[in-house]
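> Make a model of the complete structure from these sequences and hints.
2 protein chains.
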Amino acid sequence: MSKFAVLGHGVVGSGVVELFYKNKESIEKKAGSEMDVKYILDLRDFPDSPYADKFTKDFNVILNDDEVTAVAECMGGVEPAFTFIRQCLEKGKSVATSNKELVAEKGDILLRLAKEHNCNFFFEASVGGAIPIIRPLHKCLAGNKITAVAGILNGTTNFILTKMIDEKMSFDEALALAQKLGYAERNPDADVKGFDACRKICIISSLVFGKHVYPKSVYTQGIENVSLKDVDTANSLGYAVKLIASVKEHENGKIMPAVMPMLVSHESLISHVNDVFNACLVNGDGFDKILFYGRGAGKFPTASAVLGDVIDCVKHKITVFSQSWESSDDDSFIDSIDNFKSKWYVRTDSDTDMSAYNIEDKIECDGEASYIISEVTFAEAKKINAKALLAILD
Amino acid sequence: MSKFAVLGHGVVGSGVVELFYKNKESIEKKAGSEMDVKYILDLRDFPDSPYADKFTKDFNVILNDDEVTAVAECMGGVEPAFTFIRQCLEKGKSVATSNKELVAEKGDILLRLAKEHNCNFFFEASVGGAIPIIRPLHKCLAGNKITAVAGILNGTTNFILTKMIDEKMSFDEALALAQKLGYAERNPDADVKGFDACRKICIISSLVFGKHVYPKSVYTQGIENVSLKDVDTANSLGYAVKLIASVKEHENGKIMPAVMPMLVSHESLISHVNDVFNACLVNGDGFDKILFYGRGAGKFPTASAVLGDVIDCVKHKITVFSQSWESSDDDSFIDSIDNFKSKWYVRTDSDTDMSAYNIEDKIECDGEASYIISEVTFAEAKKINAKALLAILD
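So the protein sequences, as listed, match chains A and B. Here this note's numbering is used: position 276 in the first sequence is 276, and no number is missing along the way. Here this note's numbering is used: position 349 in the second sequence is 349, and no number is missing along the way.
Think of the hints as simulated: they come from the structure by calculation, not from any bench. Be a bit skeptical, because a hint or two may be false.
Heads up, the list lumps identical chains together, so a pair's fine if it works in one copy or across two of them.
[As the list claims (entries may be wrong)] With a straight-line Cα cutoff of 27 angstroms, these simulated DSS-like cross-link-like pairs (lysine-lysine) come out:
#1 Lys317 with Lys115
#2 Lys211 with Lys24
#3 Lys254 with Lys362
#4 Lys115 with Lys315
What follows is the structure, given as structure tokens:
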């Protein structure tokens, strides 16, 4: 019998418990062991919960119970999650988390602790919600050199952009609708300004390139200044505007993680990823390209990923080596955003001198011109006196 | 140091060796152990190969070398692959294979042997080539009840259908082009008649629903009778014609695996999966829906999946319980194709009596009418005197 604890009984934590009991029989078959939830940690009272007898407000009860071999952390935020997880790992209890903020800030430390104590720190749920991304990246694709990752890793902004594209809503209208439907917070900054997507690309970058990438080192531009005019013009030129979190390795050996609204060709599957759905496109030498698509957030989708990790903890007590990265003292391995190379979409006055750039496509309207220009660096593209400047995804 | 052998030096086997040596350093880091290829089994001579000293024609050299702890089987066909793998597993050597024919016919036996001898039989490469499908299904999504899987699991037929849709080629023209480009065999039956996709849906069905599904039990219809006329009409109605391998669980507890050309709505991401690419859409209770997309065949894509499995063999010598299914004595757990329920696309003479069916959409042309009819069973739909009858993917 393997017993685990769930830290936090909010949306995700309660989802983990519900999904576990719903599918307990098949889960135990897959785990090769009987399993049960022994504790649920929450400071609130849940007297009417069918699991009322499992609740505790004292983390130490969980920490000091040797019967608890795995812990699902679904509290969110860096503290006290970091302290709790650290203590669990030091006791050899494996941990599965959905906490992207924590992994992006402290992943290297927690992975090292897991290795030192021969247990696991899993975080499939921290990127792409239900979508299997972390495990495929380090396990299924382990034979490859991964060269680039680009994805729609925030559902709220994708919902807003989809409404702008399909229903010609303005950004403000689409945001208000997202808030009404519960997809966006009252303070929508974490989503809209790209911070959430930034944390996720930090986690992917760290895993793929082997060194901890901190959010503060990543150029992050949100969608709050994307205009309906540019969304429409991009559409006419054959592109959808999406908030893309990406990372690639440059020839100088540095990596280039970034979050920014980009134009994605209608030919690319990513351009058809709509509403709150997420998708992640991975490029590598052996497999060429692979795309993962699904729900990036929500109670049961996130719980699904946490539970998959918990089940993996039960049978595999040895540390999974492939899921690991080093700490980083500085960010000198991250290239300057000025070196970000791309084709660009540029909107500017019709009389702007564009002779320094190679024009691939052009639309004129109301004294303005929108161009697709051939690949140049961000530094070069910024020299244009542009009203809008958006990179184009390869 | 972990040493493995590669059985077969054809397209996939040589790809495994090349990709391994190309990325040896990062692979060893992920495996947490030094690794090397000790033997390559092939009856042919490869005197100019950089790995000439590793070749052997005698399988027993590999079988009896205790230093070899893992084997990559890339020979294809049921025999002698089955005998070789059986013997390896009986000696506790883990095996990774790309051989879908073998897994579809003998998977249950080989999984049982692996469990008995505390090693692993992995087959990620047997479905969807490079695309991580098998491991995500039984591992990342282990907390869910998976209710349905539907995918484009054959690249050759998807290439042919893409040419019919995009370039209005006839089936014969598109097939000839696929043969010219090396995507289709001179005898294209295995692809075109759906046998290849059938083997893959057998493997997925066995894994997801827990009992061995044999190809002979699966209704399999190829694309050889799909006409350009229906492809065009479907397009006008908002659908792409795709060869879909699918399985779902019916309310009577039976499962319904099938391979058939189907209409896929342009709203669905699967309809945008073009050329030789594969995709697999999975439905489940927690995660809702997830799609995996990538290259389903080819030297390095397939090698990528085999190598991922080999690397997993190195560190994880305990049998992975979640990747398992039971043998089946009969196919009474598989529902009759007559009970296959779907909306349908029907082309028939304009004067055909359709009053027994609920018409959702209709196009008339040249004395014929094409209908989209509401959900009925295959048995009901077959009563129509139809010139074309194609199911519509949910």
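> Run every hint past the structure and note whether it holds.
How the hints compare with the structure:
Taking identical chains as interchangeable, the C-alpha atoms of Lys317 and Lys115 lie at most 27 angstroms apart whether they share a chain (11 angstroms) or sit on different chains (18 angstroms). In this homomeric assembly, Lys211 and Lys24 come within 27 angstroms of each other (Cα to Cα) only across copies, at 19 angstroms, whereas the closest approach inside a single copy is 37 angstroms. For a Cα distance limit of 27 angstroms, the shortest separation of Lys254 from Lys362 qualifies neither inside one copy, at 33 angstroms, nor across copies, at 57 angstroms. In this assembly of identical chains, the alpha carbons of Lys115 and Lys315 lie at most 27 angstroms apart whether taken from the same copy (16 angstroms) or from different copies (14 angstroms).
Hint violations for this structure: number 3 only, all remaining hints satisfied.
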